[in-house]
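With chain R held as given, fit chain Z onto it using these hints.
Line order of the protein sequences matches chains R and Z. Residues in the first sequence are numbered from 0 upward in steps of one, following numbering that gives the first Met the number 0. Residues in the second sequence are numbered from 0 upward in steps of one, following numbering that gives the first Met the number 0.
Honestly, the hints are just simulated from the structure, not real lab data. Among the hints, a few may not be true.
Which chain Z residues stay away from chain R? Per the calculated CB distances, all over 12 Å, these [claimed, not checked]:
(1) 46
(2) 49
(3) 52
(4) 53
(5) 55
(6) 56
(7) 57
(8) 59
Listed below are several chain Z residues computed to face chain R (Cβ distance under 10 Å; list not exhaustive) [unchecked claim]:
(9) 30
(10) 32
(11) 61
No experiment lies behind these values; they were computed from the predicted model shown. The C-beta atom is built at its ideal place from N, Cα and C for all residues, glycine as well.
Given next are the chains, with one letter for each unit.
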Amino acid sequence: MSDDHHHHPRTQSPIEQRVHALEELLVDKGIVTHEMIDEFVARYEDDIGPLNGARVVARAWTDPDYRDRLLADGTAAIAELGYGGPEGDHMIVVENTDEVHNLVVCTLCSCYPWPVLGLPPDWYKSAPYRSRAVREPRALLAEMGCDLPDEVEVRVWDSSAEARYLVLPQRPAGTDALGEDELVALVTRDAMIGVAR
Amino acid sequence: MIGDIATTGPTAPPRRNGELVFDAPWEGRAFGLTVALLEREGLGWDAFRPHLVRAIEADPDHTYYEQLAVALDAFVAERGLL
Chain R
0 MSDDHHHHPR TQSPIEQRVH ALEELLVDKG IVTHEMIDEF VARYEDDIGP LNGARVVARA
60 WTDPDYRDRL LADGTAAIAE LGYGGPEGDH MIVVENTDEV HNLVVCTLCS CYPWPVLGLP
120 PDWYKSAPYR SRAVREPRAL LAEMGCDLPD EVEVRVWDSS AEARYLVLPQ RPAGTDALGE
180 DELVALVTRD AMIGVAR
Chain Z
0 MIGDIATTGP TAPPRRNGEL VFDAPWEGRA FGLTVALLER EGLGWDAFRP HLVRAIEADP
60 DHTYYEQLAV ALDAFVAERG LL
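This is chain R alone, in the form it adopts within the complex:
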């Protein structure tokens, strides 16, 4: 280990020094690596952002009336929970069932409901995702780890400024005893885009 991590361009607060020293000690002992920590920080900053959307989904799973309102008028039902604003109007919520799996894409650019899902992941903006979601959604989903039984119909929704889609995933089996707050933690961004079940 070089001393590269020990330069002090400015004065660190005591707590900052303490965290820094702890990281260095644990890395020196081989317990963690700087790269592992980098990866976790990035993963939590970039990938687990969509807490607002997760709250919408968890509410719909626990409150049938809310689910009905959400499917009837996504924008209004989402606004009930305090979420909305630019890039968050014209929301249409599509529900997964045993028979239907929904997938959201923006073929033109990268329209994305950021008030509920945070910032779009890089792959959502990529040309291969945008074209293959329409051309061969089943193969694309399988590659992304979402294997669908043949009998499940895949519906692809093309987002635009006039219609932004959010997938309402199916409530996982065996979660009957969980409350809304606990369910929130089970909802992933990928499920709300439709690239995961």
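Frame of chain R; chain Z shown alone:
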């Protein structure tokens, strides 16, 4: 994957628009280090939460990540990692 991090209450990391918010790089390092250690130990956030609760109770006026850093020291000591 640590899927059980609190989303509400005093032990929940601060968020803005659903995203975790780090006001300084060291806060992100402290959080990432915590998750990396839990993953390595095969533990969930539940194993860390009691330390966090104690740190919050001990210094309620400190920021979330100051409390988390204190809890992290206690967790490392408890697991005998150093």
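Status of the hints after comparison with the structure:
| no. | hint | in the structure |
| --- | --- | --- |
| 1 | 46 | holds, 16 Å |
| 2 | 49 | holds, 18 Å |
| 3 | 52 | holds, 17 Å |
| 4 | 53 | holds, 17 Å |
| 5 | 55 | holds, 15 Å |
| 6 | 56 | holds, 18 Å |
| 7 | 57 | holds, 14 Å |
| 8 | 59 | holds, 16 Å |
| 9 | 30 | holds, 7 Å |
| 10 | 32 | holds, 5 Å |
| 11 | 61 | holds, 9 Å |
When held up to the earlier numbered hints, the structure conflicts with none and fits them all.
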